[in-house]
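Read top to bottom, the protein sequences are chains V and Z.
Counting along the first sequence from 1, when you hit position 219 you're at 219 in the numbering used here, and nothing is skipped either side.
Counting along the second sequence from 1, when you hit position 298 you're at 298 in the numbering used here, and nothing is skipped either side.
It should be emphasised that the hints constitute simulated quantities derived from the structure, not laboratory data.
Accuracy of the hints is not assured; some may be wrong.
Claimed, not checked - Okay, the calculated bits of chain V under chain Z, using three or more residues with CB under 8 Å as the criterion:
#, segment
1, 3-9
2, 78-91
3, 95-105
4, 201-213
5, 219-226
To be verified - Within a straight-line C-alpha distance of at most 16 Å, the following computed EDC-like cross-link-like pairs (lysine to aspartate or glutamate) qualify:
#, chain 1, residue 1, chain 2, residue 2
6, V, 253, Z, 16
7, Z, 97, V, 94
8, Z, 142, V, 47
9, V, 252, Z, 16
The beta carbon of each residue, even a glycine, is placed where N, CA and C say it ideally should be.
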Amino acid sequence: MTGTNWIGLYTLTQREVGRFFTVYRQTVLPGLISSALYILIFGFTLEKRISEIDGVPYTLFILPGLIMMNTLTNASSNTSSSMLQMKLLQQLPDILTAPLSSLEICLAYIIGGTVRGVVNGILVMLLGVLLIDMPIEQPLATIGFIFLVSWSFASMGLLLGQLADTWDQLAMMQNFFLTPLSFLGGIFYSISMLPDWAQKLSLANPIYYMINGIRYTILGVYDSPPWHSAIMAILMTILFTVAAILVMKSGKKIKQ
Amino acid sequence: MTSPAIHISDLHKSYEDTVALKGVNLTIQDGEFYGLLGPNGAGKTTTIHILTGLVLKNSGVTEIYGKDTVKDFRFTRSQIGIAHQELPIDWFFPIEKLLYFHAGYYGISKHKAKPRVEELLERLGLKDKRTSRLRQLSGGMKRRYQLAKSLVHDPKIIILDEPTAGVDVELRHELWDYLRELHKNGKTILLTTHYIEEAELLCERVGIIDRGQIIKEGSPKDLTKELGKAGINIHMTGWCEELNKALSSFSFTYDDNRLHVTVKEPEADMAKIIQILSHHHCHILNVSVEKSSLEDVFLHLTGKGIN
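Generate the whole structure from the sequences, applying the supplied hints.
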């Protein structure tokens, strides 16, 4: 074997995708249920107080944010938990002793996480279409953006999974960074509703750009120019993918 | 001349403050059955983990069939099948599927792997468990799976890190038979074990590793001959002073009608000793032989037991 190990890459990808589908009750259904609850509770109750934002009904306005939150949390948790689980359950040596390069291993994990992110994002999107007849202005751009963000956060999750030693560390990342940044990224509001200082602070939150981008592709409304979101998503994708591959190549926290 | 299956030269490895390997040199020829013996922390697992890419070396040469294990990792790793000491846990897939996955990692498609997977499930008694998850298997069954997994890509070199640790006697013998069969079929086997009996029975050559260095190598027979402590115990009457001279070519002690002669090869020397005693009209009541073992050699070299 000399060139790329395509069968190895395909197999590991298949394993990663199969892994989350076998436990779909933990990996797919919760996102759908919580999104439905957000739509019903937040949307319908708050819609009486906030009827429209940027000319869009409130329930519709929050849906792109919910799609993005599901996409990025699922993509990142798939790779991070799978990597840490493999480390802790002694499964990782099987991968590391196989003729797979660091790039192939990373790609397989990232594709697995991306598939989960895309599946979850699209399912919430379909839920929006079914429940509140959500229109989608640019379907292809929406799917493309979900894909890009999934890839980016799957890479980030892989990086975290490689560096983490315990579940506690992973949970800390999720609870103290990802979830707060998602909520502060404008899922439930437009940043134009915030005071000046808070608007400026929001611009430092990368998840804000993800929500802004998908809101534009679905509803056609935005707080920042959509190309800012596209550039941020591309930059994050490159940054986290390269970082995950380099860490894998270095063997840090994986090889002794 | 063909390259050896495994070649390690001047291998060094440190973990922070701990020096694990201090210049390990090891060459294993193609088709050889080699045992690496050493107490806990001697460097056995570190050595094999460096060969398979799980541990990064500090310096030294590690080659598989003449190819560097880092630069030519695709080639070298595809030649090796490793059964790790730690038993893995997988919650998601049945063991049959896991074997197909493992073959896939080595570039073997499901279609091509099928006959091999079927053969291994049958041969290792896992056929009825093919749909079971690893967590549902007993320790012995997990060991069988571990071995099946290491063989699924039909490697030329099999590395077994404590393959019979924690298994019952029956399964241990079953696994030994299978390892003999694999060796007979031309596989190169590198075995690390705590069971000296295992190494004595299976290995053509053993290396004793201690504090990060291989301190002695040889066939179990040669090592026990060279460094073992075999002896003959003779319960007898009729001892006379002339026997001190007659037995002077041997190292012996005599006390309370019991003669103990330290010899390298009891079988070869016994007749000679008995002849001398008979010649001096001694009456032999009982003869017993103390066989030298690899354990004695191990103790002699390392000053401690393997466990």
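Structure-based check of each hint:
1. 3-9: holds (count 4)
2. 78-91: holds (count 3)
3. 95-105: n = 7 at 8 Å, threshold three: holds.
4. 201-213: Coverage by chain Z is violated for the segment 201-213 of chain V (0 residues, Cβ < 8 Å).
5. 219-226: It is violated: at least three residues are needed, and the segment 219-226 of chain V offers just 0 whose Cβ sits closer than 8 Å to chain Z.
6. 253(V) to 16(Z): holds, 13 Å
7. 97(Z) to 94(V): holds, 14 Å
8. 142(Z) to 47(V): violated, 57 Å
9. 252(V) to 16(Z): holds, 14 Å
When held up to the earlier numbered hints, the structure conflicts with 4, 5 and 8 and fits the remainder.
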